[in-house]
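Chemist: Given chain A, work out where chain B should sit, using these hints.
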Amino acid sequence: MRLRAGISAALASAAILLVGWQAGAQVTESNASAVTTSAAGNTAGTAGGTASGTGSTAKGTTGSSASGSSSGTGAGSSSSTGSSSSSTLGASAKAGGTYAGTAVETRFGTVQVQVTIKAGVITDVTALHLTDQEQRSVQISARAAPLLRSEVLSAQSANVQTIGGATFTSEAYLTSLQAALDAAHF
Amino acid sequence: MKSQLLASPGQRVGTSPGQPPVPARRNPTRGRFAAQHRRRMFRTDMLTVALWASLAAALALWLADGGMSSVGNLTQAVTAVGILAGLAGMDLVFLMLLLAARLPFVDGAVGHDRALEFHRKLGKPALYLLLAHGLLLATGYGMAEGLNPVSEAVALWTLVPDMWLAFVSMALFIAVVVTSLVAVRHRFPYEFWYFVHLLTYLAVAVALPHQFSVGGLFAEGTWQRWYWLLLYIGTGSALAWFRIARPVIATYRHQLTVRRVVPLVPGVFSIEMSGLRLNELSGNGGRFFVWRFLAPGMWWQAHPFSLSAEPQVGKSSRQPTLRITVRNLGAGSARLASLKPGTKVAIEGPYGVFSTAARSREHVVMIGAGIGITPLRALLESTPFAPGQATVLLRCSSTEELFLGDEILELCRKRGATLFHLTGPRSANTQSAWLPASAGTSRLRDFVPDITDADVYICGPSAWARLVLAEAKASGVREEQLHYERFDW
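As you go down the protein sequences, you meet chains A and B in turn.
If you read the first sequence in full-length UniProt numbering, its first letter stands for residue 1, the second for the next number, and so on.
If you read the second sequence in full-length UniProt numbering, its first letter stands for residue 1, the second for the next number, and so on.
You may find that some hints are simply not true.
[What the hints assert, rightly or not] A few chain A positions that, by computed beta-carbon distances, are all more than 10 Å from chain B: (1) S8; (2) S13; (3) G97; (4) A103; (5) T110; (6) T116; (7) K118; (8) A119; (9) T126; (10) P146; (11) R149; (12) S150; (13) L153; (14) S154; (15) A155; (16) I163.
[Unchecked claim] If you only want the chain A side, here are some residues facing chain B, beta carbon under 10 Å, derived: (17) L18; (18) G24; (19) T106; (20) F108; (21) V121; (22) T123; (23) I140; (24) A166.
Everything labelled a hint here was simulated from the structure, so no lab data went into it.
Where a beta carbon is used, it is the ideal one built from N, C-alpha and C, also for glycine.
Excised from the complex, chain A in its bound form (with noise of 0.2 Å):
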């Protein structure tokens, strides 16, 4: 009796874990083509980072961020109309224009955005560079930023909640845009 629990168990355990290993490897084979694409958009993209020469704006992200996430939430409220939110933002931003955010560093690969805003209005956000250390870092990540990329479009700013599952790629991720809407003035 014994032995055949052993041996019962034995074989069940390892056709459990072989299913587990070869669904394992469709799921590299899928996300290698999935790889291969977001490297491709990210060297442009980090070209478009570079040109417009923000790096250098990383330490004084942290000093500026208190006006703002205040001119952010203000922005925020008065989503709705457009017009008006942008006739009381600074001038600066009422120009419009693509910015990139810092490119932050977390322990499943850099993340950086690029934010396009016209007339005081974010219109978009591109990510640049995303989480791409591991396999699943690429999921997720590809799942992460259309829902981070709404939230902020409907918000206004950065002061939007992380995505469940994705939090370190939602908090590099509002740490550069942030960054972004600081270099714009916005």
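Modeler: Using the frame of chain A, we list chain B on its own:
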């Protein structure tokens, strides 16, 4: 009936002298208990398989997520092992909770005490795995960020949402395991241990947030998240149903009240209880219930005691009753002697497989010592056997300690069981130290020649019982024929 009281094998009177000794069968395939026994063995095996499979599944969650491909260097390897340790450790915690949940399937297969014994064995491995999980991840993450594990742990605590809860959970797990260590446990009253043990539920609950918010494996939208959530929900509902709902239902269903307390000898007494629908509880002789006597100052103490008499429902009883026999072993049980008639009683159970449910053979041997004699009385009363197929050995230091001895003698006469009284100081012979000195060089086989083809029920103090178990095994009795009830846990 030919059965009679016997003091030593020399005086044994054969119950059916003409019958040749039954040859031992290694695998019983015949007899009325064969099918039941096969079923029980199958269930035991299934439990073993389920246990290992669940552990494999926890690791497979990570493998299926492409875990292996994420291991490229030492840092990632340390992190990966840390994640796996957390998965395995948490899976063991779920298993431990399920083993303590008194699932009828588990109880019917291996019995309550063996399930709890295994529960206890898993405690330390589970804690070590969870500690390794914390240390390895702090190290792995720290290596990735160029921090030492301590500053990484501090950073995790302060910066990452829900991580402080994980640290609290770890502290609670440590507290639970430490207070459960035998050495520590004996220094505190049972109730202290019990209430600290309840913190396990809190520890498991506060461990959840960081698994789902920080752990990428269980990110939103993954099937792994659903699997893990089901484990949480399944374990939680099993505990709520079997440990809370079912006992409450049983208590209301049977409405037990103390009828009278009958002293046997100083320090030993029987508690008779009457109630409703007791016929539903009959046939459970030898199994135990957890009793709570709802009197001031006593209601919060839970006492595990076996029945010492089958519920009496038929004929003479206007009021159906059942009975337990208690020896004054501690402050808790001493107070039971002063129970007032009419006290309400809450029950959980019946639990354990020290009953007919564990029978595999036609022959049965019952060996009891001290207060362990009393559950045998209820078993003797109800378990099926033909005259001459049962042997009862009662061990005690003096005839005064032969609790319920008269009733057992009467039952043996009525049913045709051979009874031995083994009284007196213990034997100096270390090999048969479970026997009294008067037994001389007798061994178990001398009392029960056909023991290899019998179910052997043993109930008594654990040190004594270990000696009997050892001798039974030496006599050729297989593990699955041995049924052992601990009453000192």
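Chemist: Does each hint fit the structure? Answer for all of them.
Modeler: Comparing the hints with the structure gives:
With a closest Cβ-Cβ approach of about 5 Å to chain B, A/S8 is found to fall inside the 10 Å limit, against its non-interface label. Here A/S13 does not stay apart from chain B, with its beta-carbon only about 4 Å from theirs, under the 10 Å limit. Residue placement check: A/G97 keeps its beta carbon more than 10 Å from all beta carbons of chain B (closest about 32 Å). With a closest Cβ-Cβ approach of about 15 Å to chain B, A/A103 is found to remain outside the 10 Å limit, as its non-interface label requires.
At roughly 12 Å, the least C-beta separation between A/T110 and chain B is larger than 10 Å, which holds for a residue marked as non-interface. The claim that A/T116 lies off the interface holds: its Cβ sits roughly 27 Å from the closest Cβ of chain B, which is beyond the 10 Å cut-off. Consistency note on A/K118: stated as away from chain B, and its beta-carbon is indeed over 10 Å from all of that chain's, at 32 Å minimum. The beta carbon of A/A119 sits about 35 Å from the closest Cβ of chain B, which is more than 10 Å, so the claim that it is off the interface holds.
Listed as a non-interface residue, A/T126 keeps its Cβ farther than 10 Å from every Cβ of chain B; the least gap is roughly 22 Å. The claim that A/P146 lies off the interface holds: its Cβ sits roughly 12 Å from the closest Cβ of chain B, which is beyond the 10 Å cut-off. With a least beta-carbon separation of about 16 Å from chain B, A/R149 lies farther than 10 Å from that chain, consistent with its non-interface assignment. Interface exclusion of A/S150 from chain B stands, the closest Cβ pair being 15 Å apart, more than 10 Å.
Every C-beta of chain B lies more than 10 Å from that of A/L153, the closest at about 20 Å, which supports listing it as non-interface. With a least CB separation of 19 Å from chain B, A/S154 remains clear of the 10 Å interface cut-off, as annotated. Residue placement check: A/A155 keeps its beta carbon more than 10 Å from all beta carbons of chain B (closest about 18 Å). Taking the minimum C-beta to C-beta distance to chain B, about 8 Å, the non-interface status of A/I163 is violated against the 10 Å cut.
This hint holds: A/L18 has a C-beta 9 Å from the nearest C-beta of chain B, less than the 10 Å allowed. About 5 Å separates the beta-carbon of A/G24 from the nearest beta-carbon of chain B, less than 10 Å, and the hint is met. A hinted interface residue such as A/T106 counts as satisfied when its beta carbon comes closer than 10 Å to some beta carbon of chain B; here the least separation is about 8 Å, so the hint holds. With its C-beta approaching chain B no nearer than about 8 Å, A/F108 sits inside the 10 Å limit, and its interface hint holds.
The criterion of a C-beta within 10 Å of any C-beta in chain B is not met by A/V121, whose closest approach is roughly 29 Å, and the hint is violated. The closest approach between the C-beta of A/T123 and any C-beta of chain B is roughly 27 Å, which is over the 10 Å cut-off, so the hint fails. Among the interface hints, the one on A/I140 holds; its C-beta lies about 5 Å from the nearest C-beta in chain B, closer than the 10 Å criterion. Annotation: interface hint on A/A166 holds; nearest CB of chain B at approximately 6 Å, less than 10 Å.
The structure is inconsistent with the numbered hints 1, 2, 16, 21, 22, although it conforms to all the rest.
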